[in-house]
Amino acid sequence: MTYIPKPAVRHPGLGANELGLHLRDYEGTISTLCAGCGHDSVTAAIIQAFYELSIPPHRIAKMSGIGCSAKTPAYFVDQAHGFNGVHGRMPALATGANAANKDLYYIGISGDGDSLSIGLGQFCHAIRRNVNMLYVLENNGVYGLTKGQFSASADVGSRSKRGVPNKSEPIDPVALALTLGATFVARGFSGDKQQLLPLLKAGLMHKGFAFLDVISPCVTFNDHVGSTKSYLYTRHHGHELVPVDFVPIRSEISASYKHGGRTSITMHDGSMVRFRKVPEDYDPTDRLSAYEHYRSLQNRGEVVTGLLYLDPGGEDMHDDNATTSTPLAEMAYEDLCPGSEQMDALMEEFR
Amino acid sequence: MSDPRLEQADRTNDFAFKIGTVNGTGSASANGLIMQAIFRMGIPCTGKNVFPSNIQGLPTWYEIRVSRDGYSARTPEFDLIVAMNPATYERDIAEVRPGGYLLHDSSWPMAKEFLRDDITFLGVPLGEMCVREFKGARVRILMKNIAYAGALAALLSMDLDVIRGMIQEKFAAKPKLIGSNYKAIELGYDYAMEHFDCPLPIRLQTMDATSDHVLMDGNTSAALGCVYAGATVGAWYPITPSTSLMDAFKRFCERFRKDPETGERSFFIAQAEDELAAAGVVVGAGWAGARAFTPTSGPGISLMSEFIGLAYYAEVPSVFVDVQRVGPSTGMPTRTQQGDIAAVAYASHGDTRHIALFPANPEESFHMAVEAFDLAERFQTPVFLVQDLDIGMNDWMIPKLTWDDGFVPDRGKVLGAAELERIEKFYRYMDVDGDGIPYRSLPGVHPKGAYFTRGSGHTSRATYTEDADEYTEVMDRLHRKIDSAASEVPSPAIEMREGASVALVTIGSCDGAVREAADILEGQGVPVDYLRVRGFPFDTLVREFLDAHELNFVVEQNRDAQLKRLLLTETEVDPARLHSVLDYGGFPMSAAFVAGEVAERLGLKVEETRVRPAAEEPEGALA
Chain A
1 MTYIPKPAVR HPGLGANELG LHLRDYEGTI STLCAGCGHD SVTAAIIQAF YELSIPPHRI
61 AKMSGIGCSA KTPAYFVDQA HGFNGVHGRM PALATGANAA NKDLYYIGIS GDGDSLSIGL
121 GQFCHAIRRN VNMLYVLENN GVYGLTKGQF SASADVGSRS KRGVPNKSEP IDPVALALTL
181 GATFVARGFS GDKQQLLPLL KAGLMHKGFA FLDVISPCVT FNDHVGSTKS YLYTRHHGHE
241 LVPVDFVPIR SEISASYKHG GRTSITMHDG SMVRFRKVPE DYDPTDRLSA YEHYRSLQNR
301 GEVVTGLLYL DPGGEDMHDD NATTSTPLAE MAYEDLCPGS EQMDALMEEF R
Chain B
352 MSDPRLEQAD RTNDFAFKIG TVNGTGSASA NGLIMQAIFR MGIPCTGKNV FPSNIQGLPT
412 WYEIRVSRDG YSARTPEFDL IVAMNPATYE RDIAEVRPGG YLLHDSSWPM AKEFLRDDIT
472 FLGVPLGEMC VREFKGARVR ILMKNIAYAG ALAALLSMDL DVIRGMIQEK FAAKPKLIGS
532 NYKAIELGYD YAMEHFDCPL PIRLQTMDAT SDHVLMDGNT SAALGCVYAG ATVGAWYPIT
592 PSTSLMDAFK RFCERFRKDP ETGERSFFIA QAEDELAAAG VVVGAGWAGA RAFTPTSGPG
652 ISLMSEFIGL AYYAEVPSVF VDVQRVGPST GMPTRTQQGD IAAVAYASHG DTRHIALFPA
712 NPEESFHMAV EAFDLAERFQ TPVFLVQDLD IGMNDWMIPK LTWDDGFVPD RGKVLGAAEL
772 ERIEKFYRYM DVDGDGIPYR SLPGVHPKGA YFTRGSGHTS RATYTEDADE YTEVMDRLHR
832 KIDSAASEVP SPAIEMREGA SVALVTIGSC DGAVREAADI LEGQGVPVDY LRVRGFPFDT
892 LVREFLDAHE LNFVVEQNRD AQLKRLLLTE TEVDPARLHS VLDYGGFPMS AAFVAGEVAE
952 RLGLKVEETR VRPAAEEPEG ALA
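Chains as they are written, first to last, in our numbering: chain A, 1 to 351; chain B, 352 to 974.
Calculated directly from the structure, the hints in this document are not laboratory data. Worth double-checking, as some hints may not be accurate.
Partial pick of chain A residues on the chain B-facing surface, computed with a CB cut under 10 Å [to be verified]:
{"hint": "1", "residue": "M63"}
{"hint": "2", "residue": "H81"}
{"hint": "3", "residue": "N84"}
{"hint": "4", "residue": "Q122"}
{"hint": "5", "residue": "L328"}
{"hint": "6", "residue": "S340"}
The beta-carbon is built from N, C-alpha and C at its ideal position, and this holds for glycine as well.
Please build the complete structure, drawing on both the sequences and the hints.
Right, here's the structure in full:
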């Protein structure tokens, strides 16, 4: 999946970011996914997000499991460390890596099979643990690599390519993330990069577990009439509940929009999420309100998108643990070993 | 075959007894008190906890072997049984060796059908006395335990000052309890002194053989090893019998790794949702540069195998502590076995092979835990510390642990920022030094160190591949790498005896029984050599030793002769030279069993091993 070299061509019109790096520096190898795959659009948005945030590539840790989605970390930020682990277990790897080095930017890329079937337990517990990471679920309702079986996110009545309707209730990752305590819950659509980009940026800068579900149609196995995860269906039923902009800490805030009272939320590091159109009776920092809105729109058959819930508190699992400020992987051995004197004293307690 | 040493009449500091109680009644502290008192009298002793997989209500036993010669193996021959659980009277009474004693609560009459005329019944009205002296059901139950300790003190001639001193230490924070505990000790002690001819022939006498020692279980010492090795990330899913390892790690970290001023902690413990996740956390943390480990047992190893294969293939340092219990499946969670030897050697699908260390006691658990992290980072691979319930959860007398402040951990071939800056291009899986061990980089250190880690086919340049040659190149190097660990794992323990032509070969916690058996055999005129495997892959010394003996008895605790099979597979030794001695019912092995099996195979005269010669007639003891 990463063996095709990409020609090093840089568009002369593209400028450098604050680190002096160009968009090209955030790209990966050429994708081997199907032409038109929603995942490739997500990859393009991720490249843009890292570039615009001027994050040093080697400070990024790209984590994934197994599946089409899990291949995509090879297609963005070549100069980042990547770990393509085992199926459904990316959250555990990310937890461990983050436990060892909390100062990196963690992005996990998963799919609906990876997160909602084989890895449902790991997904849920990473949320509960509040791992500081952006967890992107590229959701297409189908298994691609094994050729078209329904996944756990397939809607009831959604038809397979051969016309067979799905009869099992879907597992909704957004509802799950809201109920399990994710501190950032959003949904995007791979066909809407304008919307996706600020969601990715805000999720990356959010401290705590940021969950981003992206409806990312499978052009080969699930983009036909009768599918509820197709481009067409998503465009027709999409409902952008809370469109946002992300304002990094470094930028000047020039204008704000006032709709329904709340305009912007300051995040832990001083950067801001600016809500453009918040419905009058909706509070995106209130979990219950977010859940009610989400459910009621969903019941009307709408695919709800946008930043649905945000806890700007800025805490993660290391705050719960009171972990020392130096990443554990960088601690000097002398500071970790209690030494002989302590050993001798301890031995007296075992007599 | 009987142990000639037992023929001697003097049973002072040389006997075994056990205490049968009901799980959850607080008897553990009374038993610990007795064990510790003997230890503090300077007498070598070992405690084995035989407990049920239950929180409250089922029978539980605590066995203590007192051995002036320092033998630590379990003996199934009990000179005295303290039967505090009427539900097990029948079994307990049957297990006392002829001529032995049964101490029981005589507040209620003993059923006639249980009575034996070849043992002495020592009835103490413990319940009655405690009801009279103490208030409240809970206190009465707890004090009854302390009261039998008092009776034992009189019967076995324990030092009362030592016991009082321990009660004072134990309840220093709750002085109100000191008085009631003293009282309970006296109740039992005085009754026994008044009604029996104390002490019994099996008795204690102060020695000076424990002053440089401690009483410790192997989960505690392994946890301490993890702390001293500099492990910062621990992940786990609670499972008997490994749970107390993480409990101990947490306790030590709270003490040694917490800034007293800021409260900041230089450790992270993740209680994961299952063993799959625990293994994943360890592999993730190892990948990111922390020393990480997980304690588990056989069922956990089964679940972790997926990540173990990933860590082997992607070459991520990680430490797995397997505290073995009886398998297969759920098996018997509170009984001991060595049933995972084969599983850890080749855990996970595909061609894998793992470094494993096999401690024989808590002292080795400590040192090998430290070594496991060095080996894991040096060879960039999973390393198993394989102990068992007997080592992990029982009280062993071991030399005081010491630490060398000059110790420098081996972090392996990790390229730092300066080194990465200097090199032209970094290839993660390239065999630069020709020793099978590539260089690695840690995420976040330097842009040149970035690479893609994967469990799918990869080249020496860390790129994806489906090419046969590129795949094979990496797999062959991995084989060489693990092979080369054979001379780096702990070398086998070997003891040669003059005139020996046969040998005992063993592993792990069988050690005590096997070495004692060698003494018994020598006493019968059959000297035997001894080898204990301490690491895998096997050191060449193992093969040489096997080849040097026409008959090697391979003593282990599993049905399928896993160590023997591994020796056959890995050393290509002549199978005719290996003969299995297997005991796998869940109890620690005994020397009498080993000696008996060997004697039988050698055609020696085999006497009844179960029965010890009777001690002196118990004069004046009341039935």
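Structure-based check of all given hints:
1. M63: holds (8 Å)
2. H81: holds (4 Å)
3. N84: holds (4 Å)
4. Q122: holds (6 Å)
5. L328: holds (4 Å)
6. S340: holds (4 Å)
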